[in-house]
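Participant: Protein sequence lines, in the order shown, are assigned to chains L and U. Numbered per numbering that gives the first Met the number 0, the first sequence spans residues 0 to 195. Numbered per numbering that gives the first Met the number 0, the second sequence spans residues 0 to 209.
Simulated from the structure, these hints should not be mistaken for laboratory data. Where is the CB? At the ideal position from N, CA and C, for every residue including glycine. Heads up, a few of these hints could be off.
Unchecked claim - Beyond 12 Å from chain L on every Cβ pair, some chain U residues (computed):
1) 3
2) 9
3) 24
To be verified - Straight-line C-alpha distance at most 25 Å; calculated SDA-like pairs for lysine to any residue:
4) L/61 to U/153
5) U/190 to L/56
6) U/160 to L/143
7) U/23 to U/70
8) U/190 to L/54
9) L/61 to U/147
10) L/95 to U/132
11) L/61 to U/64
12) L/95 to U/47
13) U/160 to U/68
14) L/95 to U/83
15) U/23 to L/96
16) L/61 to U/155
17) L/95 to U/45
18) L/95 to U/50
19) U/190 to L/71
20) L/95 to U/72
21) L/61 to U/154
Said to hold, decoys possible - Taking CB as the label site, the calculated pair distances span:
22) U/148 to L/63: 18 to 24 Å
23) L/65 to U/34: 35 to 41 Å
24) U/162 to L/184: 50 to 56 Å
25) U/184 to L/195: 38 to 44 Å
26) U/83 to L/156: 41 to 47 Å
27) L/179 to U/162: 40 to 46 Å
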Amino acid sequence: MTRTEIPARTGWSAALTQGQRFRVIDVQGGQAADLWAFNSADVDEFLSAHHTRVINGEVYPKVDWTFYTNERRPILEFVEDTSPGRHDCLAAACDKVRYEHLGVGSDHGSCEENLQAESRRHGFEVRHAPQPINVFANFRVSPEGSFVLHECVSEPGDAATFEALMDCIIVLSACPQDVVPFQPGGPTDMAVEVFE
Amino acid sequence: MATDVQRRDYVPGPAREGRGTQLKAGQRFPCIDIECQQCGDLFAFFRDDVREYQSAEHTSVWNNAIFPRIGEQFVTNRRRPILTFLADDTPGRHDMLVAACDPIRFELGCEGWHASCQENLEEVMAGFGHEEIEIPQPINVFTNIPLDSEGILHQEPALTKAGDSITLRAELDCYVVLTACPQDIVPINAKNPTPLALEIVREVGGDGAS
Chain L
0 MTRTEIPART GWSAALTQGQ RFRVIDVQGG QAADLWAFNS ADVDEFLSAH
50 HTRVINGEVY PKVDWTFYTN ERRPILEFVE DTSPGRHDCL AAACDKVRYE
100 HLGVGSDHGS CEENLQAESR RHGFEVRHAP QPINVFANFR VSPEGSFVLH
150 ECVSEPGDAA TFEALMDCII VLSACPQDVV PFQPGGPTDM AVEVFE
Chain U
0 MATDVQRRDY VPGPAREGRG TQLKAGQRFP CIDIECQQCG DLFAFFRDDV
50 REYQSAEHTS VWNNAIFPRI GEQFVTNRRR PILTFLADDT PGRHDMLVAA
100 CDPIRFELGC EGWHASCQEN LEEVMAGFGH EEIEIPQPIN VFTNIPLDSE
150 GILHQEPALT KAGDSITLRA ELDCYVVLTA CPQDIVPINA KNPTPLALEI
200 VREVGGDGAS
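Build out the structure end to end from the sequences listed, making use of the hints.
Facilitator: Given below as structure tokens:
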């Protein structure tokens, strides 16, 4: 097992082989991570929340969910969760434009830019971030259909473990959101453990 | 100045097929359920760069709402308004959570080729000269897939009646594509795919506006 710290606001990535597991850890609690997965053999095939939602018939990721690609093939499985189980696959990744609109300028880091930097390390360009899995993000739809960005409820050391169902490139971003207050401690560190 | 004289271009969409049009910012377009209980997948692409398109996940955050509501805007993956939802003459059920049906979807449930909204979209956009597009999460108009408090999606028959419509306005110059969903395996179209239509409203007269 290899453990890597992901400093607050930064990204991380790795190429995994089918069957490998990785554990996303909220080190200090209250922190969300954006997760993406791309087929190593063809990065135009990637984890698609849109397809995953309709195939699973529900919208909140949880243990035993399979995540599917835009070609409706299994790419990840959610195998273990020690957190309270609040995760999202409805909210877009934050990006440069989001922070401009929030009034903090275009120099603010974003999950989309973290993804773009990580994908370049693997030799491909991402122009627009696919809908991520927002691990530990406590976003919920109210009975009236409002979409509410509640505060994260994960505690220090809470972890979500996934298994690669095909050879894939995994990207994580420790979300740098510090304007919309869903990360109660501000952006903090994540860690990831990759198992052989 | 535009006058109050209108020209309405009617674009019929046969059952199971898609149709599209190029719109200028400001143009209104009703989407109409001709018979009843028919879902439509609606897409909008910025005309000058089709890699910018209506994005459900950016729209949900923009509006703090998961289902389309009158008066709200749909934004692109660059967080720019591309459509506004002006009027709703239906029971008010629309979806932005479920991917477009595609050939792989139907490989799972039937023999041989089956029409799909994804292929319809690709065919219409190819007709506009765009062979390579990303497939966005559509706005599934007239689509009755309620979400319960547990997060479960319920695929129920559309509630629309003959002639029910919604009206939107383009906020950017864009391609708009509406596909009459050919889904006949799950009950969202009451297992009977039927036609939809687009109507493009143009103000006529004034200083040379056509």
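Participant: For each hint, tell me whether it holds in the structure or not.
Facilitator: Hints, verified against the model:
Even its closest Cβ contact with chain L, about 35 Å, leaves residue 3 of chain U beyond 12 Å, as expected for a residue assigned away from the interface. No beta-carbon of chain L comes within 12 Å of the beta-carbon of residue 9 of chain U; the shortest separation is about 31 Å. Listed as outside the interface, residue 24 of chain U is consistent with that label: its C-beta sits roughly 19 Å from the nearest C-beta of chain L, beyond the 12 Å cut-off. At most 25 Å may separate the alpha-carbon atoms for a hinted pair to count; residue 61 of chain L and residue 153 of chain U meet this at roughly 18 Å.
With a C-alpha separation of about 19 Å, the suggested pairing of residue 190 of chain U with residue 56 of chain L holds against the 25 Å cut-off. Between residue 160 of chain U and residue 143 of chain L the CA atoms are separated by roughly 24 Å; this keeps the pair inside 25 Å, and the hint holds. The straight-line distance between the Cα atoms of residue 23 of chain U and residue 70 of chain U is roughly 19 Å, inside the 25 Å bound, and the hint therefore holds. Our distance criterion of 25 Å between C-alpha atoms is met by residue 190 of chain U and residue 54 of chain L, whose separation comes to about 19 Å.
The suggested pairing of residue 61 of chain L with residue 147 of chain U holds, with an alpha-carbon distance near 16 Å, which does not exceed 25 Å. Simply put, residue 95 of chain L and residue 132 of chain U have alpha-carbon atoms about 23 Å apart, close enough for the 25 Å limit, and the pair holds. The suggested pairing of residue 61 of chain L with residue 64 of chain U holds, with an alpha-carbon distance near 22 Å, which does not exceed 25 Å. Proximity of residue 95 of chain L to residue 47 of chain U is assessed by CA-CA distance (about 21 Å); at most 25 Å being required, the pair is judged to hold.
Taking the CA atoms of residue 160 of chain U and residue 68 of chain U, the gap is about 19 Å. The hint holds against a cut of 25 Å. The straight-line distance between the Cα atoms of residue 95 of chain L and residue 83 of chain U is roughly 23 Å, inside the 25 Å bound, and the hint therefore holds. Using a Cα cut-off of 25 Å, the hinted pair residue 23 of chain U and residue 96 of chain L holds, with the two alpha carbons roughly 24 Å apart. For the given pair, residue 61 of chain L sits about 24 Å from residue 155 of chain U by alpha-carbon distance, which is consistent with the 25 Å threshold.
Taken as a hint, the residue 95 of chain L and residue 45 of chain U pair is honoured in the structure, with Cα atoms around 19 Å apart against an allowance of 25 Å. Of the pairs offered as hints, the one joining residue 95 of chain L and residue 50 of chain U holds, with about 17 Å between alpha carbons and a cut-off of 25 Å not exceeded. Proximity of residue 190 of chain U to residue 71 of chain L is assessed by CA-CA distance (about 23 Å); at most 25 Å being required, the pair is judged to hold. Annotation: proposed proximity of residue 95 of chain L to residue 72 of chain U holds, straight-line Cα distance about 20 Å (limit 25 Å).
Our distance criterion of 25 Å between C-alpha atoms is met by residue 61 of chain L and residue 154 of chain U, whose separation comes to about 20 Å. About 20 Å separates the C-beta atoms of residue 148 of chain U and residue 63 of chain L, a value consistent with the hinted range of 18 to 24 Å. For residue 65 of chain L and residue 34 of chain U, the Cβ-Cβ distance of about 37 Å falls inside the hinted range of 35 to 41 Å, so the restraint holds. Between residue 162 of chain U and residue 184 of chain L the beta carbons are some 54 Å apart, a value that agrees with the proposed interval 50 to 56 Å.
For residue 184 of chain U and residue 195 of chain L, the hinted distance range of 38 to 44 Å is satisfied, since their beta carbons lie about 42 Å from each other. Distance hint check for residue 83 of chain U and residue 156 of chain L: the Cβ-Cβ separation is about 46 Å, which falls inside the suggested range of 41 to 47 Å. At about 42 Å, the CB distance of residue 179 of chain L to residue 162 of chain U agrees with the hint of 40 to 46 Å.
No hint from the list above goes unmet by this structure.
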